[in-house]
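Peer 1: Letter by letter, the chains look like this.
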Amino acid sequence: MTSMLKILLKNGTGRYATRLYPAEAREPFAKNRADLSFDPGCCRLCKTCSRKCPTGAIEVDKENRTWKRDVFSCVFCGDCIEACPKSCLSFVARPPLPQKHHQQAVVYATVPERSKK
Amino acid sequence: MTVSVIPVGPQHPVFLEPFQLKLVVEDEVVSEALPRFGYVHRGLEALVVSKDFRQMTRVAERICGICSAIHGMTYCRAIEKLLGITPPPRAQMLRLVWSELHRMHSHLLWLGLFAEAMGFESLFMQIFRIRETVMDILEQTTGNRVIISVNVIGGVRRDLDAEGADGIRRALKKVAGDLERIRPVLVDDYSVRKRTEEKGILAKERAYELGAVGPVLRASGISQDIRRTGYGAYGELDFEPVVESGGDCQARCKVRYRELFQSMDLIRSGLDRLSDGEIQTKSKEKPEGEILVRSEQPRGEVVYYIRADGSKHLQRLRIRTPTFANMAALMDLLPGLDLADVPLVTLSLDPCIACTER
Ligand code: SF4
Ligand code: SF4
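Here the protein sequences come in this chain order: A and B. Counting in this note's numbering, the final residue of the first sequence is number 117, and the numbers go up one at a time with none missing. Counting in this note's numbering, the final residue of the second sequence is number 358, and the numbers go up one at a time with none missing.
Derived by calculation from the structure, the hints in this document are not laboratory data. Worth double-checking, as some hints may not be accurate.
Computed cross-link-like contacts, EDC-like style, restricted to lysine to aspartate or glutamate with a CA-CA straight-line distance of at most 20 Å [unchecked claim]: (1) K10/A to E132/B; (2) K6/A to E121/B; (3) K284/B to D35/A; (4) K52/A to D35/A; (5) K6/A to D276/B; (6) K31/A to D159/B; (7) K10/A to E180/B; (8) K6/A to D188/B; (9) K31/A to D166/B; (10) K312/B to D70/A; (11) K6/A to D178/B; (12) K51/B to D35/A; (13) K31/A to E163/B; (14) K6/A to E163/B; (15) K31/A to D161/B.
Could you put together the complete structure from these sequences and hints?
Peer 2: Right under this line is the structure:
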């Protein structure tokens, strides 16, 4: 009995084990997989990412030059990041803010035309 | 004497996952127990027909949240064997480190829940506080807390730098100190002993006959651990399975508690022996053939069976999880127990229903 009491006394007098979130938030770890960033500038619309994605979260439309990712389907596995031949995708350590509507949770980007050489 | 049938679950405060026990009770004493499954079946094995074998790695990781790294590793090992490739030594060692970290957080979770099932809330909080350190290491080194997605076919995806390794060593030192502090509570405390000693005794012979696995089997005095077969990098490290002889809840608790220290030793020596070099062996082949692979999970032996025909989809994936193997032992333990001891004894086997039903 006394052994637990000792631990409890130490807890009671020591530092808090938790933080007063959100007043006091911890910086995310550098390698965190909290969000996925997409750079439309370098994308070639090759569809590799959408083929590799295990959840089918990415949709690439070649005709309309759009790239779409459903945030709710994405499981942050990183398969698309490894697959992209142009390294357009990367993880972001800071989590995105909560969204009110499902539509807002789709990352939608139009890929700019590239001048042909 | 009145005989009544009491359904325990699928929603019950002690069972964190939906599974039902129908208990035939005669005056507070259980005379028969019938389990009922199927509440969280997700059909993950059947996904092999729609996902290709590389995408299935992500599915395998999600079979169980608590031992996700070990499921992923076992699946990758099976496919690697079919492809005839061997991951580089560094990748194998990193897999070991992350698997053992998963074993640690699983055992700590179990210890916490066990304390909670006894009604010892403050101990539960204390243990979860320790567990948070392990979760932080996982997040720091891999980017995710639970489903760390580091295993890929042919190796691992994330590397560990010297700073990360030092961070792990420092955190383990802290965890070891914290665990030492709760040892007297788990082992000597009067009320804990009253609740756990001589409860749900599984004799050595019975454990063997019923095919129990993992800590349950080792708590009954049988020294068996699949890691001793030396798969992955385990062959390079020297260790003995943790064995207790009591066979009761107390023994199962001690086995898991001591395994935490064993895992820490394995991680430390793994980090010391981490060689430089590649972390992935690439292969463009498609798997073909049939294979059976075993690994030691926190709950015991997991078996993966895979049949592939050389196309990008596998033909069949079949998984036997440790909880399923331990169910026979549980059904043997329950008759004769007081109703009040049923939740604790059931929990002492560490049932993981999500992975049993897949
Ligand atoms: S991180 Fe994984 S799930 Fe998310 S979009 Fe990329 S491949 Fe798909
Ligand atoms: S993001 Fe990369 S993989 Fe996906 S379409 Fe663009 S270039 Fe191809």
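Peer 1: Now look at each hint and say whether the structure bears it out.
Peer 2: Hints and how they fare:
1. Only pairs whose Cα atoms come within 20 Å are accepted, and K10/A paired with E132/B is accepted, the gap being roughly 18 Å.
2. Distance check on the hinted pair: K6/A and E121/B sit about 16 Å apart at the alpha-carbon level, within 20 Å; holds.
3. At roughly 29 Å between alpha-carbon atoms, K284/B and D35/A are farther apart than 20 Å, so this suggested pair is violated.
4. The suggested pairing of K52/A with D35/A holds, with an alpha-carbon distance near 18 Å, which does not exceed 20 Å.
5. About 45 Å separates the Cα atoms of K6/A and D276/B, which puts this hinted pair outside 20 Å; it is violated.
6. About 11 Å separates the Cα atoms of K31/A and D159/B, which keeps this hinted pair within 20 Å; it holds.
7. Distance check on the hinted pair: K10/A and E180/B sit about 15 Å apart at the alpha-carbon level, within 20 Å; holds.
8. For the hint linking K6/A to D188/B, the alpha-carbon distance of about 14 Å falls within 20 Å, and the restraint holds.
9. Under the criterion of a C-alpha separation no larger than 20 Å, the hint pairing K31/A with D166/B is consistent with the structure, at around 16 Å.
10. A distance of roughly 25 Å separates the Cα atoms of K312/B and D70/A; the hinted pair therefore is violated under the 20 Å criterion.
11. As the CA atoms of K6/A and D178/B are separated by approximately 13 Å, the hinted pair is consistent with the 20 Å bound.
12. Distance hint between K51/B and D35/A is unfulfilled; the C-alpha atoms sit about 24 Å from each other, more than 20 Å.
13. At roughly 13 Å between alpha-carbon atoms, K31/A and E163/B fall within 20 Å of each other, so this suggested pair holds.
14. Straight-line distance between C-alpha atoms of K6/A and E163/B comes to about 34 Å, which puts the hinted pair past the 20 Å bound.
15. Annotation: proposed proximity of K31/A to D161/B holds, straight-line Cα distance about 12 Å (limit 20 Å).
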